Amino acid sequence: MEEQILDQLYADMEVLEKENDMLPPVKRIKEASVPLLQWYRRHARTLPWRESPTPYHVWVSEIMLQQTRVEAVKAYYERFLAELSDIQALADVKDERLMKLWEGLGYYNRARNLKRAAEEAVLTYGGKLPDSYEELLKLPGIGSYTAGAVASIAYGIPVPAVDGNVLRVISRLLASTEDILKPSLKKKMEELLTEAMPKENAGDFNQALMEIGALVCIPNGQPHCGECPLRGLCLSNRYQKTDSIPVKTPKKSRRVQERTVLAVACGSEVLIHKRPDKGLLAGLYELPNTEGHLEKGQVYAYLGISEEDILVMERLPEAKHIFSHVEWRMTGYYIKLKEEWGKLRDSRDNLPGELVDKADAESRYALPGAFKAYVGYLFH
DNA sequence: AAGACGGGGAT
DNA sequence: ATCCCAGTCTT
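One point on numbering: in the UniProt record's numbering, the residue at position 321 of the first sequence is 321, and numbering is uninterrupted.
Keep in mind that a hint or two might mislead.
What the hints assert, rightly or not - Pairs of lysine to aspartate or glutamate residues, derived as DMTMM-like cross-links and limited to a Cα-Cα distance of at most 25 Å, are as follows:
#: 1; residue 1: K372; residue 2: D346
#: 2; residue 1: K251; residue 2: E135
#: 3; residue 1: K94; residue 2: E354
#: 4; residue 1: K100; residue 2: D131
As the list claims (entries may be wrong) - Restraint-style ranges between C-beta atoms, simulated for each label pair:
#: 5; residue 1: G297; residue 2: P219; range: 21 to 29 Å
#: 6; residue 1: K188; residue 2: P35; range: 21 to 29 Å
#: 7; residue 1: T46; residue 2: A82; range: 13 to 21 Å
No lab work stands behind these hints: they were computed from the structure.
Everything numeric in this text was worked out from a predicted model, so none of it was measured.
Idealized CB from N, CA, C, for every residue including glycine.
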């Protein structure tokens with residue numbers, strides 16, 4: 001008798017599991033949205049940009065959050081908003097000040113595009129951000145993710161915001177083995193979510209997916225499936241595939257470049273150089289540097305000086321800086337020029353950069369971290 | 001489709 | 001040392 005009951009129970013469970021397995025993706029996401037939103041209401045972090053989610057606030061935060069961790073963004077966001085509290089202020093900010101506010105955050109084109117978009121908002125949209133996904137998408141620096149995030153969070157428009165978190169969470173939920181680095185997969189995901197997402201709570205739904213990706217369905221270590229509200233619906237959890245999903249093709253290794261960095265002082269001044277406004281670290285300042293590991297003689301030639309112009313010259317230790325796509329292996333020289341030499345206009349003009357007051361160099365100009373190992377010799 | 005574009009924290 | 005982050009733009 002008892003055995004029969006158990007058999008029936010197992011049979012029922014099997015049917016239920018099979019039904020669960022057969023659930024089409026759209027329905028699976030729709031079912032997941034209920035416990036997901038419930039979970040989000042309890043676990044949403046308190047974040048500065050959530051206090052008053054105006055379009056401007058959401059926009060600035062989303063740009064800063066591109067490829068950047070929440071913890072890193074917080075302080076930058078507060079300082080940025082304190083100084084540039086509305087779109088007009090952003091449109092009016094001096095480029096140099098803008099870069100200083102962004103210094104250390106990386107991907108500096110984000111800041112330039114932010115200002116460009118603000119100028120366009122002032123010019124074309126009456127000083128406000130446009131209120132449709134399509135119009136947002138036209139602004140510089142706003143791609144499908146950011147347009148979706150601003151549209152849904154600030155305006156309540158039911159469009160998805162697919163970032164790395166969402167790609168990972170949904171891929172696991174559906175046990176999809178497609179490569180999430182492929183643009184085509186992201187597009188499919190956006191179409192799927194457009195159909196499956198709740199039309200009423202779009203902003204919360206999008207944020208909930210990202211939040212659960214950041215806190216539970218995490219990228220590197222083991223996901224915390226035990227505390228996941230979606231574990232009953234998650235096919236990767238059921239088939240123990242969270243180790244292999246999401247699938248990502250390995251990326252190419254970065255190239256290595258040798259460079260020589262020069263810490264040049266002359267009296268109370270130091271030598272800095274403005275980088276071109278395209279390419280790596282565009283528009284930021286740097287210590288003069290050039291490709292290759294230079295000997296002393298090559299350094300004189302590079303600086304356009306001769307040996308008798310120099311008061312002190314010493315070799316500095318090697319240093320390394322890693323960007324995402326290139327690695328700099330640097331060597332350096334500290335050079336103190338004779339003060340009287342620095343007073344000659346001709347000699348100053350031939351330098352690869354400009355001599356500026358030491359105190360100014362630190363407070364006014366954005367000097368990226370790549371030169372950290374060598375700026376110390378100049379300023380301290 | 002592939003590469004450029006930063007910096008830092010976790011493993 | 002490697003991964004990867006609330007991605008976008010250019011080639």
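Each hint tested on the structure:
For the given pair, K372 sits about 30 Å from D346 by alpha-carbon distance, which is inconsistent with the 25 Å threshold. Our distance criterion of 25 Å between C-alpha atoms is broken by K251 and E135, whose separation comes to about 33 Å. For the suggested pair K94 and E354, the alpha carbons sit about 20 Å apart, so the restraint of at most 25 Å is met. Pair hint K100 plus D131 does not hold up; C-alpha atoms about 30 Å apart against a cutoff of 25 Å.
For G297 and P219, the hinted distance range of 21 to 29 Å is not satisfied, since their beta carbons lie about 49 Å from each other. Between K188 and P35 the Cβ separation comes to about 24 Å, which falls inside the hinted range of 21 to 29 Å. In this structure, T46 and A82 meet the distance hint of 13 to 21 Å, their C-beta atoms being roughly 18 Å apart.
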